[in-house]
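Mind docking chain B on chain A? Use the hints.
2 protein chains.
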Amino acid sequence: MNKKGVLIVISGFSGVGKGTVVKKLVEKYDYSLSVSATTRQPRPGEVDGKDYHFKTVEEFENLIDYNGFIEWAQYVENYYGTPRKYVEDELAKGKNVILEIEVQGAMNIKEQYPDAVLIFLTAPDGNTLKTRLESRGTEDTKVIAKRLKRAFEETEDMSHYDYLVVNDDLDICVEHVHAVILAESFKTAKNIDYISNMKEELSKIRKEITL
Amino acid sequence: MNKKGVLIVISGFSGVGKGTVVKKLVEKYDYSLSVSATTRQPRPGEVDGKDYHFKTVEEFENLIDYNGFIEWAQYVENYYGTPRKYVEDELAKGKNVILEIEVQGAMNIKEQYPDAVLIFLTAPDGNTLKTRLESRGTEDTKVIAKRLKRAFEETEDMSHYDYLVVNDDLDICVEHVHAVILAESFKTAKNIDYISNMKEELSKIRKEITL
Numbered sequence: 001m002n003k004k005g006v007l008i009v010i011s012g013f014s015g016v017g018k019g020t021v022v023k024k025l026v027e028k029y030d031y032s033l034s035v036s037a038t039t040r041q042p043r044p045g046e047v048d049g050k051d052y053h054f055k056t057v058e059e060f061e062n063l064i065d066y067n068g069f070i071e072w073a074q075y076v077e078n079y080y081g082t083p084r085k086y087v088e089d090e091l092a093k094g095k096n097v098i099l100e101i102e103v104q105g106a107m108n109i110k111e112q113y114p115d116a117v118l119i120f121l122t123a124p125d126g127n128t129l130k131t132r133l134e135s136r137g138t139e140d141t142k143v144i145a146k147r148l149k150r151a152f153e154e155t156e157d158m159s160h161y162d163y164l165v166v167n168d169d170l171d172i173c174v175e176h177v178h179a180v181i182l183a184e185s186f187k188t189a190k191n192i193d194y195i196s197n198m199k200e201e202l203s204k205i206r207k208e209i210t211l
Numbered sequence: 001m002n003k004k005g006v007l008i009v010i011s012g013f014s015g016v017g018k019g020t021v022v023k024k025l026v027e028k029y030d031y032s033l034s035v036s037a038t039t040r041q042p043r044p045g046e047v048d049g050k051d052y053h054f055k056t057v058e059e060f061e062n063l064i065d066y067n068g069f070i071e072w073a074q075y076v077e078n079y080y081g082t083p084r085k086y087v088e089d090e091l092a093k094g095k096n097v098i099l100e101i102e103v104q105g106a107m108n109i110k111e112q113y114p115d116a117v118l119i120f121l122t123a124p125d126g127n128t129l130k131t132r133l134e135s136r137g138t139e140d141t142k143v144i145a146k147r148l149k150r151a152f153e154e155t156e157d158m159s160h161y162d163y164l165v166v167n168d169d170l171d172i173c174v175e176h177v178h179a180v181i182l183a184e185s186f187k188t189a190k191n192i193d194y195i196s197n198m199k200e201e202l203s204k205i206r207k208e209i210t211l
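Listed in order, the protein sequences are those of chains A and B. The first sequence runs 1 to 211 under the numbering used here. The second sequence runs 1 to 211 under the numbering used here.
Be aware that a few hints might be false.
Computed from the model, here is a short list of chain B residues facing chain A with C-beta under 8 Å [to be verified]:
hint, residue
1, V143
2, M158
3, Y161
4, A179
5, N191
6, I195
7, S203
By construction, these hints were calculated from the structure, which means they are not laboratory data. Here the structure is a predicted model, which is why all the values come from computation and not from measurement. Beta carbons are placed, not taken as given, at the ideal position from N, Cα and C, and that holds for glycine.
Pulled out of the complex, with its shape left as it was, chain A reads as follows:
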């Protein structure tokens, strides 16, 4: 019905399963996924250019200087950034682009792209979130405590998001995020051209019948 690409920002608490949700979403539906750049160490199995563009601090800071990111932020002592070129090219092609970014970056995006759709992934409740952080096993207790502190702070920012989607069952969560993006594309404000086309067509058809 409409051909404009939607910019979709997905954030969420650490440990809530953002990465898995986004991976499934992109496998199942026709979204363009922006791969972030980061200075953090790759986790086991992560592939450069697929999971992240892994950069040194020097490389990252150089890209900042050259305006190579539409947003960048520091989170748990590492840089994260969204490369400008890919996002702008895909949106121009009419593709829906997904960014998986942290809260700071999301707020930054909303300022620059007021039509962006901000989705916050959350857990059914606080204890579930804690359990997920613990069972992840790749972080020590200190990091978990730090992430819970961060999660607590992020509850303040949740209200700036357009939608909150609970990740309880992975497949259901993926469908719910997809539903949000679909619904956004059906908003009347995004289909003004369709209305004027329909009006013109019906005006013509009526005249033909009356003749």
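Positioned in the frame of chain A, the structure of chain B alone reads:
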């Protein structure tokens, strides 16, 4: 996540397949369907109390006098109305209630229930709409011309709806309407209680870890 019932208003051009979409939606998902009252003649196969509450003009006007409708309107010389009691009872129970009503009634509902979600079902284009009206076979040419005139007028009102959903393929259309209703329930503004609960829980959990 939230327990409040959503009031969903579904309108659309005559011939667009509103009735079939709503029927499938209610069969497949857990919605409460409000059955309208009308003074128009039953079509073959329509069942009183299921498709409509069929009323005489006298009965209908009496119900208007007794405030028995949350909205009523006249359309192609017949009365249509939404019985008040059913809608208010279901919403109070936390159920999502679907109303299939005409444009006049929808505008009326939006005034009384600002949180209502207004969905307009439309055809892929004007010619498809004309073809559907013709192939329906239960109406003569005069009525078709009248309905096309009405459809043309209704394009003016489309912009007052929250969402436009195209009925091209029936099953896809049903999923799209369901997606819109799902998405509405995930809106941050409708989940303020969830945010404050999460904040409280995370605050407690952090203190336990620090101790």
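Now the hints, each set against the structure:
Hint on B:V143 is violated. Least Cβ distance to chain A is approximately 12 Å, over the 8 Å limit. At a threshold of 8 Å, the smallest CB-CB gap from B:M158 to chain A is about 5 Å, leaving the interface hint in force. Of the supplied interface hints, the one on B:Y161 holds, with its beta-carbon coming within about 5 Å of a beta-carbon of chain A, less than 8 Å. Contact between B:A179 and chain A, as hinted, is supported at the beta carbon level, the nearest pair being about 4 Å apart and thus within 8 Å.
The interface hint given for B:N191 is met, as the beta carbon of that residue sits about 5 Å from the closest beta carbon of chain A, less than 8 Å. The closest approach between the C-beta of B:I195 and any C-beta of chain A is roughly 5 Å, which is under the 8 Å cut-off, so the hint is satisfied. Checking B:S203 against chain A: minimum C-beta separation of about 6 Å stays under 8 Å; hint holds.
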